[in-house]
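A.B. asks: One-letter residues, chain by chain:
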Amino acid sequence: MDPVTHPAGAAGPLVEADGLMVHFPILGGILQRRRGSVRAVDGVSLSIQRGETVGLVGESGCGKSTLGRAMIKLREPTGGSARFDGRDLARLSARELRRLRRRMQIIFQDPYGSLDPRMSVGDIVAEPIQTHRLASGRAKHERVRELLRLVGLDPVFAARYPHEFSGGQRQRIGVARALAVEPEFIVCDEPISALDVSIQGQVLNLLIDLRRELGLTYLFIAHDLAVVRHVSDRVGVMYLGRLVEIGASRRVYALPAHPDTRALLSAVPVADPAVERRRRRVILAGDVPSPANPPPGCRFHTRCWLYERLGRPENCRTVEPELRPVGADQRAACHYAEAALTSDVGVVRPADAAPRDAH
Amino acid sequence: MTTQVPAPAVVDVLAARPVVTPRRDALRRLRRNRLAVVGAIVVVVLLAMAVLGPALAPWHYRVQDLEALRANGNRPLPPLSPDHLLGTDQLGRDLFSRLLDGAQISVTVAVVVQVVVLLIGVPVGAAAGWFGGRTDNLLMRFTDVVYAFPDLLFIILLGVAFRETAIGEAMNGLLLIFLAIGLTGWVTMARLVRGQVLSLKESEFVEAARAIGVSDFRIVVRHILPNAIGPVIVAVTLGIPSAILAEATLSFIGIGVQSPRASWGSLIDDGTRWMQSEPHLVVFPALALAIALMSFTFLGDGLRDALDPKLRGRQ
Ligand SMILES: Nc1ncnc2c1ncn2[C@@H]1O[C@H](COP(=O)(O)OP(=O)(O)OP(=O)(O)O)[C@@H](O)[C@H]1O
Ligand code: SF4
Ligand SMILES: [Mg+2]
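Going down the list, the sequences are from chains W and F. In terms of this note's numbering, the first sequence opens at residue 284 and continues consecutively. In terms of this note's numbering, the second sequence opens at residue 24 and continues consecutively.
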């Protein structure tokens with residue numbers, strides 16, 4: 284059997300990043316010499332099991348898209364490794380990698396930029412089929428029609444061009460293109476955030492339905508924590524190129540262990556006014572530091588509310604915290620995660636929340 | 024399938040409409056722009072004049088109607104003279120026929136210059152944009168040097184250096200002039216194409232093609248080039264008037280087209296000597312030049328709007 288195109292079996296995670304780094308060079312001067320680097324992703328380890336959906340959140344520019352792209356080798360890692368089904372992507376030949384692309388796909392945020400304006404919808408959806416010689420002639424056209432139907436579009440629109448469609452419809456076209464190769468893993472890079480609020484739900488439901496029907500594995504990147512909670516089994520939080528917390532969605536949302544997670548959650552409005560009254564909200568002070576020059580020690584310390592509350596402990600400035608277990612199926616990179624866990628910022632205090640957690 | 028999500032009502036409206044390809048959409052928008060349509064018509068007329076010129080011309084451009092000249096006291100014939108619609112010059116040559124010859128020269132200059140510009144500018148720009156890094160640096164510093172060098176000086180130097188060679192003698196020395204103009208003009212095209220390729224290379228649809236496993240070659244051919252072509256067409260159209268003007272300027276200052284051939288620039292130059300008594304010798308060639316420049320500019324501006332992807336699909 285072909286080891287590239289056929290799954291090795293259920294053993295081990297489907298996708299795995301190990302100390303993954305992506306640094307972009309900053310060039311300057313007339314000679315375009317390297318002046319430094321943007322550490323977009325700076326040592327992230329993350330594994331995703333078959334059939335699992337891992338949500339990824341974090342402020343704009345923290346490296347979510349870059350991580351997602353590096354995991355399917357659309358970005359060249361500058362350190363660490365990305366593995367797919369046990370195979371190190373860096374070790375594959377260009378040819379092997381192209382064949383492996385059948386198994387991993389990506390859905391983009393921008394439904395306008397992600398479709399070639401000069402190709403018809405039919406050609407766009409047919410391109411993966413042609414590239415991997417999955418079908419030709421009539422069978423190809425039939426497959427394109429089937430895919431369009433699968434994403435809720437009328438197949439008669441295959442002859443039309445992207446500019447004739449609305450944002451939501453274009454996003455469906457992008458989904459059909461990703462599904463054309465029958466992938467196992469899809470990076471969904473903020474697939475609904477550019478859409479009209481009224482159609483976000485439709486596209487989200489489509490992705491959820493497809494996941495169930497086709498047994499897909501997702502890395503689901505989003506700004507909106509409520510959306511991520513809705514779709515993810517586990518959720519990861521990034522800050523300045525690092526994964527600062529990861530754990531089962533239920534845990535992370537109920538008991539966030541990293542001050543950044545709590546700050547992000549406190550920005551999300553809660554429907555229940557009783558909960559809203561009992562929790563404390565924090566607004567992160569200042570701007571995100573430059574990923575070209577992250578703060579020493581804990582990268583979050585320049586904006587951390589807990590650091591301030593604890594009287595600016597020295598180790599926050601000098602020792603970079605590693606991800607460590609802070610509960611069942613939950614890890615956080617904070618020296619004072621235990622203090623964060625019992626705080627009332629972002630969510631209600633665990634003591635108050637306990638009875639609510641029961642149901 | 025259970026995933027059938029009710030499609031929004033827009034789709035039903037769409038079903039009733041004819042398919043609008045990007046090209047048809049661009050044409051539609053071009054047609055709505057009146058100036059551009061007028062420009063296009065004049066451009067077509069100009070092309071026809073250039074191609075059919077010798078057949079249309081009542082006189083050969085170098086033939087002197089000495090009889091009529093003598094009858095007019097050896098002075099240029101005024102417009103609306105019998106046999107000479109726009110009059111003649113001081114040598115009795117038919118001005119209308121000479122303007123037609125000028126049209127041929129202008130169109131030739133436009134074509135030769137833009138071919139040179141495309142042949143050099145597109146590959147250089149595409150290579151710089153696609154390969155990036157060192158290649159980009161090298162090519163772009165080279166274009167900077169060409170850009171910084173004074174065009175006129177370069178053209179004159181080339182003219183002097185190659186005067187005695189086969190290229191220098193081809194077409195009465197015209198070919199050399201045209202090549203020289205092209206050799207100074209490709210820089211802008213290279214920069215434009217580089218910018219296009221750079222931004223298209225980073226576009227999400229190219230990233231999508233990479234994710235699918237499409238080869239680099241096919242990405243360039245299927246995605247990058249077709250999307251870069253619009254701005255190139257606009258640049259070519261808008262580059263034509265400057266090429267025509269450059270030739271006219273060179274001919275006006277006497278280092279371009281030589282007698283007996285009649286460029287609009289050299290016609291204006293000749294005419295200035297008679298400007299007081301026979302203004303038509305300056306007015307008509309100047310008018311021809313102005314109309315040609317304006318129509319290409321109008322057409323180019325119209326194409327720019329029509330091919331702008333951001334405006335695609337708009338009414
Ligand atoms: N191709 C690139 N070249 C240079 N820098 C880049 C490149 N792509 C991303 N970056 C930088 O890397 C950092 C991370 O960017 P990334 O797009 O991954 O963030 P993100 O978390 O997806 O943000 P957003 O939520 O806005 O999509 C940013 O500082 C960005 O400017
Ligand atoms: S390690 Fe210190 S600065 Fe970093 S998140 Fe924890 S408390 Fe805040
Ligand atoms: Mg992003």
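I should point out that these hints are in silico values taken from the structure, not numbers from a laboratory. It cannot be assumed that every hint is accurate.
[Claimed, not checked] According to the in silico footprint, chain F covers these stretches of chain W (three or more CB under 8 Å from chain F):
no., stretch
1, 519 to 533
2, 569 to 577
[Claimed, not checked] Taking lysine to aspartate or glutamate and the DMTMM-like style, the derived pairs with C-alpha atoms no more than 25 Å apart in a straight line are:
no., chain 1, residue 1, chain 2, residue 2
3, W, Lys356, F, Asp239
4, W, Lys356, W, Asp479
5, F, Lys333, W, Glu465
6, F, Lys333, W, Asp479
These figures come from a predicted structure and were not determined experimentally. We put the CB at the ideal spot given by N, CA and C, even for glycine.
A.B. asks: Where does the structure disagree with the numbered hints, that is, which hint numbers, in rising order?
C.D. replies: 1, 2, 4 and 5
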